[in-house]
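Residue numbers (my numbering), protein chains in the order written: chain Z, -17 to 329; chain X, 31 to 358; chain E, 196 to 271.
Derived from the structure by calculation, the hints contain no laboratory data. Treat the hints with care, as some may be off.
What the hints assert, rightly or not - Covered by chain X, per the in silico footprint, the following chain Z stretches (three or more residues, Cβ under 8 angstroms): (1) 61 to 73; (2) 193 to 200.
Claimed, not checked - Restraint-style ranges between C-beta atoms, simulated for each label pair: (3) V280(Z) to P260(E): 33 to 41 angstroms; (4) P203(E) to G327(Z): 42 to 50 angstroms; (5) G37(Z) to G208(E): 22 to 30 angstroms; (6) Q122(Z) to A265(X): 53 to 61 angstroms; (7) R146(X) to V280(Z): 40 to 48 angstroms; (8) E281(Z) to Y290(X): 49 to 57 angstroms.
To be verified - Far from chain X by the CB rule (all over 12 angstroms, computed), these chain Z residues: (9) L19; (10) G29; (11) E40; (12) G56; (13) P135; (14) G177; (15) G257; (16) F302.
Everything numeric in this text was worked out from a predicted model, so none of it was measured. Even glycine gets a Cβ: it sits at the ideal position worked out from N, Cα and C.
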Amino acid sequence: MTATATILPNRAKRNLTIAKAMAEALAQEMRRDPSVLVMGEDIAALGGVFGNTRGLLEEFGPARIRDTPISETGFIGAAVGMAAVGMRPVVELMFVDFFGVCMDAIYNMAAKNCYFSGGQSAVPMVLMTSVGGGYGDAGQHSQCLYGTFAHLPGMKVVVPSNAYDAKGLMVSAIRDNNPVIFMFHKALQGMGWLGTVQGSINDVPEDAYTVPFGQAAIARAGRDITIVGLGATVHLALDAAEELIANGIEAEVVDLRSLVPLDRATVNASVKRTGRLLVVDEDYQSYGVSGEIIASVVEAGTVLTSPPRRIAFPDIPIPFSPTLERPALPSAEKIVAAVTDMVRGGR
Amino acid sequence: MTPTRPQFLWMYETMVKSRAFEERIATAYFEGKSPVFNMANGPIPGEMHLSNGQEPCAVGVCAHLDAADFVTATHRPHHIAIAKGVDLDAMAAEIFGKKTGLSGGRGGHMHLFDARVNFACSGIIAQGMGPAVGAATAFKLRGEKRVAVAFIGEGAANQGAFHESLNLAAVWQAPVVFVIEDNGWGISVSKAQSTAVPHNDSRAAAYGMLGHRVTGNDPAAIFAVAGDAIARARAGGGPSLIEIETSRLAGHFIGDAEGYRPAGEKDALFARDPIPALRGRLLAEGMMSEAEDLAIVKRAESAVEQAIAKARAAPFPAAAEAFDHVFA
Amino acid sequence: MIPVVIPPDLWEGDAEGAVSAWLFAEGDAVRAGDLIAEVMVEKTSYDVTAPADGMLQIRIPAEIPFKRGAIIAAIG
């Protein structure tokens, strides 16, 4: 071993925010494939309200980085037509909450045209959209709506929790021949004005790579309980797992990464090892992701040592006042309390 | 722009074929639905929206298109599909829900797709317009001389998608033509009841694009106006909006009792049926002989008979095939 | 020890800025040109890169306000 070898790391870390990782994935795929373009509100000169298209206008120009009118029905519908004739549009729905003005283009056309055409006509498009609350923006700019999109057939749905996954999932999304809903959480985006969860910033290789859909990640290994999260709740679960060490509890954290397809096998295998399941979801509780995960584990016949539980957003519109909103959101404290009760209380 | 004799004859034959097709479809649709009309019964279940009377819109526009041009149609798509060159056998089979249909029975009559000729449908009012703008924008970006056409009904002009698509097409100067088939009725609600302006072509001005209205349900007049608009789009001159006065000779769907129509309206519409009118003109102007007419009708009917017979004889898809093609 | 200085002309006016995110942790090895921090001034974001190779020493943690020209870190 030489002296220099002990000093120099193999590769310097290259830490990025999710916003920068997304922009890098878009730029690399646009260089590789002339059929890729980006459309949305404020995505060109401004670089995206959430920073994920910064720098693209300068490199690719206004024909491929297209600021649109505030007209989601029009431009998301246009993306469906572009995809039908050989383009690979990436469109931004600035807040997922805005889906109400354009859902027909998403779930009745993008999601169904492949089926309606018997496979003749694929719809290779990406809809990237911001999700999540906790910053006092009230009920029309704070929702997650993971379950709403994952419920409807014909779309793939992915939710990155960190920059490495964001880049790899975006590259996979652009290369996929199907509509992919790419849901990025505002608190993880690395935009200062939304706060930044430090854990979402991680090492991102410069070369393009893919993170395949349908593969959940074990974000932390543990033997006592499986905590399933996605997006921002992965970090709440990781924080809770760290605290739980002091209580003598080792929690395993599963990051779903993709909802459609859903990696039920990894979740089931984890719960088989730990015997306990807690799902943490910032989306509304009823008829959603948390229920689907619990049902999948129960249907698989996995033996549980305590009843499964969930921490999700209650079935109320997201309130504005911090004293109303914050207690309703999932938190590391809630996770610690629930896990301690499940493991120590034996229920 | 006046149609040449071959263009006139193509328009006539296509109109005859479309009408013959829909007559056979209507006959088959009623099988198993009598004496009790249950939509789920018979060889063709579900809603059935016929386009009899609206054939001039399809042929007058599609005469200027080829397979590379992109067309979106509506819940009432048969005449447009036939004029765009959608495979008639596969289309008939699709309407009968058969394995050999355009999508193997997954779409049915409101969701006809034929990628070979760039034809797509949406059963939701006005929603084909955004995709047409997108396809046209893609053609423009790639420097191709292709155009897109979105067909809609006059009821669609009050949808948000109509206004958003017109604005977007104008802002992006997309090579797209929006064609409104104005049959006067949104199911049972008249245009006068639903629409704030007498004619929707005037709405084009709000988006800085050219608007035209074509009256008389006359294929030659439609051909002329559509030809200019499509040529302009192809040459980089941007989008247009055309409203065509046409007639819905049938109800909104088969089974519609049409109690909302004023007395005498149907008789007046049938008196102006565009197919006999075109036949009369072609014969009178010497563009078609009686013998040629007979040959055209025979050819069209035999193509339709064959398509319907093949569709009836074709196998149904297996239940498990419902799970194919959800994803590409 | 090479200071990481916020250029005095990075933005106009007297507004204070803050690091919205340190992309490396205290003591991490960085290389010249690495993006090490994002600085927010009101809703505008600026990138800060490392001026040299070395070990990062953070002087002003995230979300603590500073004025233009501040030394927010050192590379040693």
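Structure-based check of all given hints:
Evaluation of the coverage hint for the segment 61 to 73 of chain Z: fulfilled, as 10 residues show C-beta separations to chain X shorter than 8 angstroms, against a requirement of three. Counting residues of the segment 193 to 200 of chain Z whose CB lies closer than 8 angstroms to any CB of chain X gives 0, so the stated coverage by that chain is violated, three being the minimum. Checked against the given bound of 33 to 41 angstroms, the beta carbons of V280(Z) and P260(E), roughly 51 angstroms apart, lie outside it. Taken as a hint, the range 42 to 50 angstroms is violated for the pair P203(E) and G327(Z), whose Cβ atoms sit roughly 59 angstroms apart.
In this structure, G37(Z) and G208(E) meet the distance hint of 22 to 30 angstroms, their C-beta atoms being roughly 25 angstroms apart. About 44 angstroms separates the C-beta atoms of Q122(Z) and A265(X), a value inconsistent with the hinted range of 53 to 61 angstroms. Between R146(X) and V280(Z) the C-beta distance comes to about 47 angstroms, which sits within the given range of 40 to 48 angstroms. At roughly 51 angstroms, the beta carbons of E281(Z) and Y290(X) sit within the given window of 49 to 57 angstroms.
With a least CB separation of 7 angstroms from chain X, L19(Z) falls inside the 12 angstroms interface cut-off, contrary to its annotation. In this structure G29(Z) is separated from chain X by more than 12 angstroms, as the shortest Cβ-Cβ distance comes to about 21 angstroms. With a least CB separation of 19 angstroms from chain X, E40(Z) remains clear of the 12 angstroms interface cut-off, as annotated. With a minimum CB-CB distance of about 3 angstroms to chain X, G56(Z) fails to clear the 12 angstroms threshold, and the non-interface call is violated.
The beta carbon of P135(Z) is not kept farther than 12 angstroms from every beta carbon of chain X, the shortest such distance being approximately 6 angstroms. Once the 12 angstroms rule is applied to beta carbons, G177(Z) is consistent with being away from chain X; the minimum gap is 34 angstroms. Every C-beta of chain X lies more than 12 angstroms from that of G257(Z), the closest at about 34 angstroms, which supports listing it as non-interface. Every CB of chain X lies more than 12 angstroms from the CB of F302(Z), the least distance being 28 angstroms, so the non-interface label holds.
In terms of the numbered hints stated before, the structure departs from hints 2, 3, 4, 6, 9, 12 and 13, listed from lowest to highest.
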